[in-house]
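Protein chains in written order, with the working numbering: chain A, 535 to 887; chain B, 599 to 1067; chain C, 935 to 1361.
Hints were generated in silico from the structure; no laboratory data involved.
Label pairs and their calculated CB-CB ranges: (1) N705/B - T1352/C: 51 to 57 Å; (2) M771/A - R624/B: 49 to 55 Å; (3) V1350/C - S769/B: 38 to 44 Å.
Cβ coordinates follow ideal geometry from the N, Cα and C atoms, glycine included.
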Amino acid sequence: MATHAHIETSVRLRRSAGAYVTPVLATALLAVLIVWLGINFVKGPAYFFTISFIGLTNGAVYALVALGYTLVYGILGLINFAHGDVFMLGGMFSATMILSAFHLSTHASTGELVAAILVSLFVAMAACGLINATIERVAYRPLRGASRLAPLITAIGMSFILEDVAIAWKGPGYTAVPAVLPHGQVFSIDGVVYTWEKLIVVIITVPVLAALIWLVQRTRQGKAMRATAQDRDAAAMMGIDVNRTISFTFLIAGALAGAGGLVYALYFGQIRYDTGFQLGLIAFTAAVLGGIGNLPGAVLGALCIGFIQAYNEGLTWHAPGTNWTESIVFSILILILVFRPEGLLGERTPEGA
Amino acid sequence: MRRRIAERVSAAWWAALTRAGLSPARWQALPRLRRRAVKSVLWVAVGLVLVAAFGTWKASALAVAAVVILLVVPPYQKLMVGRFPLGKWIVPAAAIAIVISYPYYLNSMPQVPIFGPFPMLSTMVAMMIFSMMALGLNFVVGYAGLLDLGYVAFYAMGAYMAGWFASDQFSKQHLDLGAVGQTAGAIGFHFSLWLVLPMAGIATAIVGVIIGLPTLRLRGDYLAIVTLGFGEIMPQVANNGNSLFGFNLTNGPEGITPIDSPGFGGWLHQHLHLPANYVTVGNYDAVFLWTTLALVILTVFCSVRLRDSRLGRAWIAIREDEVAAAAMGIPLMRTKTWAYATGAFFGGVAGALYASYKSGAFPNDFFFQISVFILCMVILGGMGNIWGVIFGACFLSYLDREGLSNVGAWMNGHLGTHVNVPLYEFGIYGAIIVIVMLFRPEGLIPSSRRAAELHEGVHDDPLYDAETV
Amino acid sequence: MSRKFTLLALVGAAIAVAVVAAGYTGSARSATKGVQALPSSSCGPVVYKGSGSPDFIVASDLPLQGAIRAQTVQISRAIIWALQDKGWKAGAYKIGYQSCDDSTAQAGAWDSGKCATNARLYAGDKSVIGVVGTFNSGCAEIEVPILGRANPGPLGMVSPANTYPGLTKKWAPGEPNKYYPTGVRNYARVVATDDFQGPADALWTQSLGIKKVYVLNDRQVYGAGVAGTYVTAAKKLGITVVKNVGWDAKASSYEALAEAIKKSGAQAVFLGGIVCNNGAKLMQDIKAVNPKIQLQMPDGFSDPNANGAIGQSAYISVAGEPPKGLTGAGANFVKSFGKSVGATPNPYSAYGAQAMEVMLQAISVGGGQRSTTTKAIFGLNVRNGILGNFTIGASGDTNLTPVTIYKQKGKALIPVKTLVPAASLVG
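Excised from the complex, chain A in its bound form (with noise of 0.2 Å):
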């Protein structure tokens, strides 16, 4: 793809405003934000951390969906706008699996619980690995030589499609699920507490995130992912099946969302057929923030989102509140998608510029 014309337009763009404009703007908005955080860490330090841990938990959470997006993308450069709804869905098999195969309640005894948890686990992830690889195979890879826009739209057609598959399954109101994770203290120091339920989800989410990168950086499998998504052609002259790899890389991410449901279902309760598409944006968002692509950097952005909004919502000083919590996460990704594509973690490309 010859994009060179491409990159010298934008290039000439960025110099003329751009060049002085971002760098200004990021550093005054940084500063701000160190500001405001500092003040409020020096009013309650116990208090930030208290809130900090809430951000680090969400963020957890949706680092397993931002990887998703961001493997997908790093592969094929498709937005897969339906992954947050195999998410939803794995929410819901491991929701059916926790009330209805288990009749898990909040008197669990720990056996019961690890077991019940590392079934549903594998049932989930299993589950939404195979749907997805399945959207990849019948929605995407027939559109693979057309236009950069059709599998997107397509991908918003599934999603849409998958929502429906949740309303018929389980209606369009909440599936609560009983909280089945110890709510006891794991440490409490100087009035911060860290409760068992919030070290289960990182519990949960590390060794997956851990598995993850040794995939793709230690297994033959993981260098052909790689090989696939710097340079499909030649990955396939140098006797790499593309659409196998590609095929596994939707598995591999379904299967991460499948994981990402169940972590959510246990945390935070409840599920619902329009859970997906939020926090889905959300997620992409973290990816986009952290460097789309980049598996790190998904991580990290997750994190960093998880923190504002808990930051945003938690702390008293001069916080926008409630009111603007979701205005500020796409206020993110706008900025950084206009800004600075490459994410904080990414290469310049020219994909986003």
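Following the hints, position chains B and C against chain A.
Just chains B and C now, kept in the frame of chain A:
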């Protein structure tokens, strides 16, 4: 795969016919017109059988007439009167006549099987207004090939412009500019709606440029997401806008209501018998239908003229190959921004008119699904094709307003199901999007140019894909 | 040779025509004899179980899709119950009923376009003599002016649920006159407005000895309105209101918000809004962080089933006398209608039935004319109604302004106290 099944069916069909003494060769030997006529009669027969299974003779007669007109008479298109190509104008003129006279014959129309009664006038108004919005989006998506997932922001902007300049919203000011039906002691800005409509269009176009200037540098999918972000922020600002730094801009969740209606005032009413004030005439929906029809015609006119203009050709060039277009000296940013502004303009006008029709603007009216709803209209009908887009808009807004609930009622009544069909509205739209994109990306009524692009793809074909299609 | 094809086609057509002729059953237009039914795209079929055919239709206008559906369907059934109770008659007139929907599946809530469309349908259908509705005040803002301009004569509307004060009394600039462009009132309600409920809640907060409250609202017309009146009254009563902020119904968690509430030192939280807007999760998160905090809610949280166990010992205010305290018609309603729905009726169902009764009473004295019927609504005296004895004033408001505070106990609401806020607190 699909091809093979179709071929097999066709082969079996011809085998049967050949046995009956009608071979393909003979069929091909017939004059084209005759073949067409036979085919049409067969289609009519199929239609009649279907109608007979469910409906009434009036509906059957209507179906027959429609099919006959559509299929048997196609050569009319070449009809010339002197040097005037009358044939080309028959279909648009007939369509306009059908819509204009709709209020007069609606009440004597029979029920259509499955779909129930003909659309109400208010539904027709919605169909016209959404046609306008879809045509507006068509500038962006269809002509310039930029995916806009936040079109609802323009609709909202237009609606709030009507709210600001044709209602009591700014209670501390009072300015009356040709508004009709004002009582003494009115507060707020009350501009004539004929003034508000272009104002809304221009203000929305400016918003379009403001959104566009920084974002249009981005490539397609990133742009789509940024517009989506704007579309999500807009209703939230509207919702929180009752105390933006202490200023009540949007009246928050309570919305702005009532909004003035259009009207021509006393003088024009006396001399030309135009309605003085729409709300006080008996046939509110009918006059609104005619007004919206006039605006749709205007939009179509602008669409055609712009498409064939230098700017329109530049849009299409960008859509087909941005790099090549830039190399040919087309200023990318300016051209794209124009597409955005034009699309926004019509979205704003339609939004203002709709707000006036509903007499209210509420933040809850503007959610992401509406953007997809309008996008779906453009895709279903055929990106870039004016008639296709209008068809998509009319069909989908009909489904939204009446069709789905009627079909659902029929289904539950006749098949014994208990499905709340309107609940699955968006799943149905999703399915439409996916099916159209996979099997007929050019839409139901394609523009030939767009069809070629979508089938071949504008990017070079990747190597590895050869065996999968 | 070509004749064969033509022949084939003609035979096909002939068969089709024959089938059509055989299948002809006459016009499919569905109209109940006597009245012109409202179309099926907005409204259900005409419900009439009296003798002969109805003379007029009363339509109800409620959002029947989305999260609110369970509640509104019950209101619609309560309206039918009231009509049945009166023998499908209003004085000399036989009355049929149609349940119309002002929501779209797309929005999952009321839709302003649908409200406008419905209002024009009622206005244009001469069989419609009155409307019971709407559920959402925003929808009423759109419908009232349209019905007021209806021809012939303004069409009256009695709402069972609109609590936004501006619809009937001086509130925001221009209100309420902007809703009555012809200068004739055509809108009344049987429910006390926010400016009574908010102050009553504030009074209760005060009597609990609470000095500091945190107020949340769901950023909708009703929620923001009731929260606003609560804040005004609470400040007058000397209660510190830390903040009045919106909650996002689509958020995954409110933990950070809950921490902020806890840190503020508020002893109680007032949730202005409806439980359908993720209210249960909100309560859970607030309680999880601070189990001791007192929850106080308006009647948007009046369904203990929707609140769930977390609503235990929360105080919920509902306008009017408690159903259990109702005697006569009210007690009969709770018993008889409760039996038909298999549960204690939702408080709004009683309002729905009462609104229908008011409408029927107005029709019976209205002489079969829209304008006189509409006029009859104002100044109407209701004796032994479902909600008790009350009068609809000239502005269309009920003088039944007591507000009952309930405490949730399990899946029931136990009346605690009935309050009448002083005039100085109202408005």
